[in-house]
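2 protein chains.
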Amino acid sequence: MALLGIDIGGTKIAFAIIDNNGDLPLKDIVTIDHRAGTDVGELITGGAQRLINEAESLGHRVKAIGLSVPGISRQSTGTVWAPNIPGWDDYPLLKEFKAIAGNTPVTIESDRACYISAEVWKGNARGCRNAVFIAVGTGIGAGIMVNGEILHGAHDIAGATGWMALSRTFDNRFKSCGSFEFYASGEGIARRTEELMHSEKEYIGILQEVSNRKLTTEDVFKAWKHGDKIAEIIIKQAIEYWGMAAANLVSLLNPEKIIFGGGVFGPAAELIPDILVEAEKWAQPISIKQVTFEPTALSGDAGVLGAAFLAMKKISGIKR
Amino acid sequence: MALLGIDIGGTKIAFAIIDNNGDLPLKDIVTIDHRAGTDVGELITGGAQRLINEAESLGHRVKAIGLSVPGISRQSTGTVWAPNIPGWDDYPLLKEFKAIAGNTPVTIESDRACYISAEVWKGNARGCRNAVFIAVGTGIGAGIMVNGEILHGAHDIAGATGWMALSRTFDNRFKSCGSFEFYASGEGIARRTEELMHSEKEYIGILQEVSNRKLTTEDVFKAWKHGDKIAEIIIKQAIEYWGMAAANLVSLLNPEKIIFGGGVFGPAAELIPDILVEAEKWAQPISIKQVTFEPTALSGDAGVLGAAFLAMKKISGIKR
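In order, the protein sequence lines correspond to chains L and Y.
With the first sequence counted from 1, adding 1 to any position gets you this note's numbering.
With the second sequence counted from 1, adding 1 to any position gets you this note's numbering.
Honestly, I wouldn't trust all of these hints.
Unchecked claim - Cross-link-like lysine-lysine pairs, in silico, DSBU-like; alpha carbons within 30 angstroms at most:
#: 1; chain 1: Y; residue 1: Lys-290; chain 2: L; residue 2: Lys-176
#: 2; chain 1: L; residue 1: Lys-176; chain 2: Y; residue 2: Lys-99
#: 3; chain 1: L; residue 1: Lys-282; chain 2: Y; residue 2: Lys-237
#: 4; chain 1: Y; residue 1: Lys-282; chain 2: L; residue 2: Lys-282
Rather than coming from a laboratory, the hints here were simulated on the basis of the structure.
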């Protein structure tokens, strides 16, 4: 048996054939360039068809197809919302795929759902039935698995962790992104560092080296490594917020693992022990002892692996 | 078909036969008095046996038994932890029940799980697959239903909402109960009101009428109705915390309903529109439009109804 996992990103699409051992004997990547709407759809179905044929010629029969989308997969309609792909507000991806897939089952899930699934299958949450993937990149979201199933919510937008209310009282600047994301996302960290640099008139330091472009989270982490005062304030605050948010996930969901991933973890992975110390203050005291905090174990293959795992679960009725 | 629902409280035990229509043709209540350990177990199995026999003589054959426990039901061992019943730290309730139930399936769930189930079956969350019951009494907890199933977590202590971190920065007084519970539980509201009375030396008002006993939440609500300044501060703050906590449940779980119950809702039920206004500030903006906030619809029968519903689901494999 083989599976086809497809990871649709904002700029490129990765395809992989996954065999019985979870190995990836065939891979392909295509770039989206400036395509939109049905052109992107055709790019994906075409690439899928190509890889299915190639796999077949090598003796791998594709039994199920899983797709990871950077947005929302509407389970009831089979349509997807992907804000980075023009024309994909309510795009009929499942219908298009069924046209090429015939009787082969097709599963479409959000990238966050795929990330936690990949960790459960092959990563640092292996074998867990209750686990959360906190993805901290430009924004913040979470993939949540409970009772061995992806938590979709009533309308497929569960896991909007960036909106977690952590800092009373309300500030109008939370309006567009949520209070957690405001303080502790990649964008939030960079923006708050710039603000603090401008308000601290007497500041002299490494962050000033970046003057010809927008500050990034990497700059802030680099400055923090050099003992920069402003970076220290910002990172300390981010640790507090990450700890509070993780604590809330632990108290509410009583998971076995919290996995930290996304671009910021990355450099923030070494802070996970500090995040746990912060979370221990806040969380339900028994539940926090029953969980471990870990960085993501999977590099670029998480999307294709997770999508393939969810497709496989669907056909085999595996209750993990 | 009939079901036997049993609601184990801190001081009494309610038994009810629930028929096909969800009516309760037979009910019984026994008080625990000063019993402990196996004496309480025998009280429950004895009462159950009596009601099963009585039901049978009226032509109702009990097909499944559900029990609601005021604590934790450990699904893997069939044991329960109920802090108000001496000796029930890891009590083998399922084993005891199987001895009298024969082949009749027995389900044991936490009271919070039963409350949300009762609302889904017969109350204000009727037919929902994703809904939360926030129980605000002396403490705060939540019964959570996702994908039509009770969320237990890895070790059956999911829904520990009272521990939600809402108020940075950490205060050592949160240690024994969690920050949400500290501010917005029945006990928290009463304690904080007393503290504020003592710190506001010039306070003259209705709350002073209570001097010969401990202040209760009811006193605070009564004072608030009379426009008392201190009560207003405390209730306003509680609304903020209830709104933030509800917002977090909405952003994370994307549910169809949030049901407010427990002793405090009750008097706080009329504040639900204000709680929604607060939650709307914080929550994921699409998700908050897809949910409604409601008070509990069920009076004292929620425990027996919810336990019976979960027992019925188990035997019929109903996916609601």
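Hint by hint, here is what the structure shows:
1. The hinted pair formed by Lys-290 of chain Y and Lys-176 of chain L meets the criterion: a straight-line CA distance of about 15 angstroms does not exceed 30 angstroms.
2. Of the pairs offered as hints, the one joining Lys-176 of chain L and Lys-99 of chain Y is violated, with about 54 angstroms between alpha carbons and a cut-off of 30 angstroms exceeded.
3. Restraint check: the Cα-Cα separation between Lys-282 of chain L and Lys-237 of chain Y comes to about 26 angstroms, which is no more than 30 angstroms; the hinted pair holds.
4. Between Lys-282 of chain Y and Lys-282 of chain L, the direct Cα distance comes to roughly 26 angstroms. Compliance with the 30 angstroms bound is thereby established for this hinted pair.
Of the numbered hints listed earlier, the single one contradicted by the structure is hint 2.
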